[in-house]
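Number of protein chains: 2
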Amino acid sequence: MGGDHAPGAIVEGALIAAPLLNRKLLLVGKPDVLAHHLPKTLPSNIEVVPAAETVEMDEKPTDAYRKKKNSSLLVAVNLVKEGQAGAMVSAGNTGAANSFSLLVWRQIPGIHRPAIAIRLPNRHGGFVLLDAGASPDVDPEHLVEFAVMGRAYAKALMGRKNPKVHLLNIGEEPSKGNAFAKQAFNLLQQKSWFAGNIEGNDIYRKHCDVVVCDAFVGNVLLKASEGVAEMIAAFLRDAVPSKAHVRWMYYPVKWVTAPLKAQIDYAERGGAPLLGLNGLCVICHGRSNAKAIKNALLMTQTALDNELVTSIRDTINSDD
Amino acid sequence: MGGDHAPGAIVEGALIAAPLLNRKLLLVGKPDVLAHHLPKTLPSNIEVVPAAETVEMDEKPTDAYRKKKNSSLLVAVNLVKEGQAGAMVSAGNTGAANSFSLLVWRQIPGIHRPAIAIRLPNRHGGFVLLDAGASPDVDPEHLVEFAVMGRAYAKALMGRKNPKVHLLNIGEEPSKGNAFAKQAFNLLQQKSWFAGNIEGNDIYRKHCDVVVCDAFVGNVLLKASEGVAEMIAAFLRDAVPSKAHVRWMYYPVKWVTAPLKAQIDYAERGGAPLLGLNGLCVICHGRSNAKAIKNALLMTQTALDNELVTSIRDTINSDD
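Going down the list, the sequences are from chains A and B.
Convert by adding 2 to the 1-based position in the first sequence; the result is the number in this note's numbering.
Convert by adding 2 to the 1-based position in the second sequence; the result is the number in this note's numbering.
Hints are not guaranteed to be accurate.
One copy or two, either will do: identical chains are not told apart, so a pair holds if it fits within one copy or between any two.
Unchecked claim - Calculated cross-link-like contacts (lysine-lysine; reagent style BS3-like; alpha-carbon spacing at most 25 Å):
(1) K184 / K62
(2) K32 / K62
(3) K293 / K166
(4) K178 / K62
(5) K166 / K71
(6) K69 / K293
(7) K69 / K178
(8) K178 / K193
(9) K70 / K178
(10) K163 / K293
(11) K245 / K69
Hints listed in this document are in silico derivations from the structure and should not be mistaken for laboratory results.
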């Protein structure tokens, strides 16, 4: 029920994904509203789970948790807790998805702060950045936990065999950064898989697997990257004249912007898992279209097939 | 003498700028090395000031300051201190330029941390971001000082009459962010020109004049933005086939990428001033070409013509 184009785009994405999934898909929400978007005969692996309420996009998570015991979000979180679902995917209120998951599932022992892991593109197959926005106030020690979770992600979802971890910093040398980054560097340095500092431009230039930072920095980086890509797309569009008799000459521009779009389009990435909890919550962009939802569902299936949560639980205290 | 293409590109940029400047240009460095790049008869407003040593790009600022009393950087900083120059422009070791300026000129009374102000493009004429990298460890109070300096910049260099200040944050609402951002918000809120929080994507989408953040976040944002723009340019290049008999069909791509290049090219911006000191130091990108140096010199002249440093000194305690 959550997302700018919900439930239409969500249901559409689920219907596209259903035949590609090896498991059941539970659509949690108001049955009468969902019925408008569903075919009369449901695909064999889609089922509707009724939930009478919805958490609004701008609703305060704590209020929603207290007041709406039948919200689609809380019903979905409880399905995972009770073992009736393996994971939850949401394009709704991110803060609410984060805090409901945390409150109901709790952290994996050994993990103190959950983190959102987001896959970003670069010229070497991309990397995973965390925390992209879950835990704004953390200590340097928590970045070591993020690193272990990031390694589990890179193995389960990116096929990296022995993923290295970089610390996002404002210089490459060990002595660079603010007090927080210097302390994090010293802690990470004790790990065999630590690859040192990396700067904000080099994450897009160099090969890297996992990049860790606090949620404030990660969220600013993520959104600024998105903003620059959008601005460039807008400048490119503005440069194409609107008059039809000139416009056709610009047709070849499409040949170069189409592959670019595939590289930087958030919809290709699908979703970003919230890691560190006893359950898997995949957060989608609020403006997710059907394609984004489909890709998020496929990504979630890969995470489940590769037992991402179990692998974090198994390695959190032993990944040196 | 500093920069990846120094002194060739620096001298070339100075020669292009000289006829456009209403003041004298002092080239500080090794006379015999500079002579190779200079015409036999110098333009009337160019003069060489000899300096026997140079600070290397990777040299530790404190070491260089102690050991090299005749470095071109220290000679230039002293020329400003003694009133023989109005400002210094450098494409060399940024850390050294920052710390030499701080050590010799000291802060303007009322300012506790200097900040690098960098102008970034957006779809509404751009904005100035600070701190882009000068002071990694700051308190929330220092962001108020950055805001006042940013306003002086926006008036002197961007022609904004009553510039507003936004706080870079990970959400728009007042309650958003980490502890640092929340404290900064409360302090900034007391100012008439404070316009609230702004997110990393919205700085490139919405109209804004001045955006403040700490140097760690600012530097990550700046470099990530640069990295994304470079990556997109690379993807666009890669999409154009290299075979000549197909390549010509892609010619119109240039029509759209040329204006884009002008918008996002760092060389168009020229340089970024270090603000808050009793003197003006303009930092250029290490890889500055002649065009970047020319633009940095023209920007510096505008800053001097509009008395940027004096205006910061006059408003730091009264800009409410």
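**OP:** Sort out which numbered hints this structure fails and list those numbers smallest first.
**Re:** 3, 5, 6, 10, 11
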